[in-house]
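The primary structure of each chain is shown beneath.
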Amino acid sequence: MILRRPSAHDARLIAFFLGRVSYVVAVAGALPAAWAAIAGEWSPFASFTLMVGVFCILGALGSSVRHEHERLGWSQGMVVVALTWLLVPAIGSIPLLLSGHFGDPLDAFFDAMSGLTTTGLSVIQDLDHLAPSLNFWRHLLHFLGGQGIVLAALSLFAGGAGMTLFYGEGRDERIFPSVTSTARFIWAVSIVHLIFGVALLTGVGVIAVGLEPLRAVFHGLMIFMAGFDTGGFSPQSTSVGYYHSAAFEAATAVLMVAGAMSFGLHFALWRGRRAEVFRNLETRTILATFGVTLVLTIVGMATLGIYSDVFGLTRQSLFHTLSAHSGTGFSTVPSSEIAAWGGLAFGGIAVAMALGGMASSTAGGVKALRIGLTVKLLRDQVRQVLLPERGIVRRGYYQSGRRRLTPELAQAVMAVSLLFVAMYLIGAGVGIAYGFSLQSALFESVSAGANVGLSAGITDPSMPTLLQTTYIAEMWLGRLEFVAVFALIGFVVSAVRGK
Amino acid sequence: MRTIVAVVFAGFVMIGPSAAATEVGVADLMTAPEVFDGEEITLTGELVGDFQRRGEAVWVQLNDDPYVTAPLHDGGAPAGGNLGVAVRFPTRVFEAAGFTAPGGYRVRGPVVRVTGEWRFHDPERGGETYLAAAFFEVIERERPITQGGDWPVFLIGLALVIAGVVPRVAKRRARRQVL
Numbered sequence: 001m002i003l004r005r006p007s008a009h010d011a012r013l014i015a016f017f018l019g020r021v022s023y024v025v026a027v028a029g030a031l032p033a034a035w036a037a038i039a040g041e042w043s044p045f046a047s048f049t050l051m052v053g054v055f056c057i058l059g060a061l062g063s064s065v066r067h068e069h070e071r072l073g074w075s076q077g078m079v080v081v082a083l084t085w086l087l088v089p090a091i092g093s094i095p096l097l098l099s100g101h102f103g104d105p106l107d108a109f110f111d112a113m114s115g116l117t118t119t120g121l122s123v124i125q126d127l128d129h130l131a132p133s134l135n136f137w138r139h140l141l142h143f144l145g146g147q148g149i150v151l152a153a154l155s156l157f158a159g160g161a162g163m164t165l166f167y168g169e170g171r172d173e174r175i176f177p178s179v180t181s182t183a184r185f186i187w188a189v190s191i192v193h194l195i196f197g198v199a200l201l202t203g204v205g206v207i208a209v210g211l212e213p214l215r216a217v218f219h220g221l222m223i224f225m226a227g228f229d230t231g232g233f234s235p236q237s238t239s240v241g242y243y244h245s246a247a248f249e250a251a252t253a254v255l256m257v258a259g260a261m262s263f264g265l266h267f268a269l270w271r272g273r274r275a276e277v278f279r280n281l282e283t284r285t286i287l288a289t290f291g292v293t294l295v296l297t298i299v300g301m302a303t304l305g306i307y308s309d310v311f312g313l314t315r316q317s318l319f320h321t322l323s324a325h326s327g328t329g330f331s332t333v334p335s336s337e338i339a340a341w342g343g344l345a346f347g348g349i350a351v352a353m354a355l356g357g358m359a360s361s362t363a364g365g366v367k368a369l370r371i372g373l374t375v376k377l378l379r380d381q382v383r384q385v386l387l388p389e390r391g392i393v394r395r396g397y398y399q400s401g402r403r404r405l406t407p408e409l410a411q412a413v414m415a416v417s418l419l420f421v422a423m424y425l426i427g428a429g430v431g432i433a434y435g436f437s438l439q440s441a442l443f444e445s446v447s448a449g450a451n452v453g454l455s456a457g458i459t460d461p462s463m464p465t466l467l468q469t470t471y472i473a474e475m476w477l478g479r480l481e482f483v484a485v486f487a488l489i490g491f492v493v494s495a496v497r498g499k
Numbered sequence: 500m501r502t503i504v505a506v507v508f509a510g511f512v513m514i515g516p517s518a519a520a521t522e523v524g525v526a527d528l529m530t531a532p533e534v535f536d537g538e539e540i541t542l543t544g545e546l547v548g549d550f551q552r553r554g555e556a557v558w559v560q561l562n563d564d565p566y567v568t569a570p571l572h573d574g575g576a577p578a579g580g581n582l583g584v585a586v587r588f589p590t591r592v593f594e595a596a597g598f599t600a601p602g603g604y605r606v607r608g609p610v611v612r613v614t615g616e617w618r619f620h621d622p623e624r625g626g627e628t629y630l631a632a633a634f635f636e637v638i639e640r641e642r643p644i645t646q647g648g649d650w651p652v653f654l655i656g657l658a659l660v661i662a663g664v665v666p667r668v669a670k671r672r673a674r675r676q677v678l
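Chains as they are written, first to last, in the numbering used here: chain A, 1 to 499; chain B, 500 to 678.
If you are wondering where the hints come from, they were derived from the structure by calculation, not from laboratory data. It is possible that part of the hints are untrue.
[What the hints assert, rightly or not] Below, simulated SDA-like cross-link-like pairs (lysine to any residue); rule was C-alpha separation at most 20 angstroms, straight line:
(1) 670/B <-> 15/A
(2) 670/B <-> 63/A
(3) 670/B <-> 499/A
(4) 499/A <-> 75/A
(5) 670/B <-> 65/A
(6) 376/A <-> 403/A
(7) 670/B <-> 62/A
(8) 670/B <-> 27/A
(9) 670/B <-> 75/A
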């Protein structure tokens, strides 16, 4: 096969769109800068100004290379997406690094990547003394990443770039014919949830947790961004366990469920089409897998004998299974305790993490739609074998309407699912090579690759560099669901070896 | 400078510290929390985050890590993540101390030595794990932390913002004039 070397035109076009995205992120970065200025947090304010400055310069450089009204091709769009998801955490890690709460630039980049990909694994040091504006930036990265940072740019300027950038960020369904309208709908859903979510968490924070009102708003905002965007960061080092409140956990659970739902499902609910929701293959699949993993976790926890009451056992099992399945990564117990679970409880949580939420949601993992389609494929194959020789099985499924299960779709589903499994195993292999147990290494790798954030204790500021880099790559690959990253690799190979 | 000053508030004594109380660190509790379940233990550390006032009790996170003596932005050295557990104080006992603020960005929180019963997944409180404080003494009061601005970084950033935004604004104006 002859590789076509990318032209200077390709590079200019990619640089132009990266510049546009940089401007959008500069505007987002101005929010924590304003927060820091208002709160008189001058050191973080300086570092945010530097970050915004770097994004502005990149924006100016990108904008200067070509005229704006040119269409972005499929491969160019994928490269833009893959590079955006490297560039934003790289520049976005500047304030984190300058805060002194990270040991080195790789640690800061790890957290920024974890934030943007809505993973939630963290190597931050002394989080409990971190400036609130920096905490806000960490959680805002969840919000930007969960909504889709390129999607944010899309809602402002679509041009001819829409489709390819949309799919590049791992989104599978357009709600409206126009990608710009879909992007705006997703933002509208998120803003409505933001208002109600923060109000709910603030109310529960004041009444049930006993927080002071202003602090309750702060915690509500942070936990909303981490919960609805299935991120998993928290403003305190003990995650959601900090609040010691079943009511607060319940409010958080509502947000995790909303975050793990596809925006198509949100749209159907907004339109009052409740019956359709339960006809969807994806909804049925996620309800089934959640039920199975929940039972596994409850039985496993009961076997461990660490809970002597039914309420405590059910509360912890339900919260952690939901946190894992939605890809959020909140926890109410320390990672040392999760590592000690073992057996069915550990397995239930790990499987829930690997499966993930719905397609076109803020969750990661293999995704319920792919699991549902894989099961359907296998069932159809068995039915085909059992039928008489000339019998034909109709291959179709219901997902916001009747759809055909074509061989191409089946192939794509199987390929991505296998890639996820391979990624989980490779990450686990690296962990094992560093002397961690198979159980812990697999758990942590799945958590990184599925963008969850629950930890068995491996993720730590002192973790080996290669392992840390592996988890960064997993977070990046998992969030973009491989395609955009492979396109970038292909682009680089073509640039080197193409003619 | 960071010498720990022992200030004992005799008025806080609810039940005197028992000789049976085991002095443990949060790291010990993280490693084997079930071992200390139901035992009387003593923990020393900084109260951080929020004072969660809930009627008869106040819940606070107690950190026992190197940042107790010096938070990172106050001259402390990087030493990994925080190590904290929950402490549930009886409100009357807690409020008598008159703490003004827990530890955070602007405050190094009060450092206390707490004695009480360690409850691992307490069935009476929905499976919560915490130290039910019976007695505590204040080792060091809370103190403010000030962090100045990093003005060279700010000026570089400002210069970059101007350099990045001005050409774009100028270009837009020029285009509007053409139209």
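Here is what the structure says about each hint:
1. 670/B <-> 15/A: OK: residue 670/B and residue 15/A at ~18 angstroms, within 20 angstroms.
2. 670/B <-> 63/A: Answer holds: residue 670/B to residue 63/A is near 10 angstroms, not above 20 angstroms.
3. 670/B <-> 499/A: Measuring from Cα to Cα gives roughly 37 angstroms; hence the hint is violated.
4. 499/A <-> 75/A: holds (17 angstroms)
5. 670/B <-> 65/A: holds (13 angstroms)
6. 376/A <-> 403/A: holds (13 angstroms)
7. 670/B <-> 62/A: holds (14 angstroms)
8. 670/B <-> 27/A: Roughly 19 angstroms separates the two Cα atoms, so the pair holds.
9. 670/B <-> 75/A: Given that 20 angstroms is the threshold and the Cα spacing comes to 29 angstroms, the pair is violated.
When each numbered hint is compared with the structure, violations occur for hints 3, 9.
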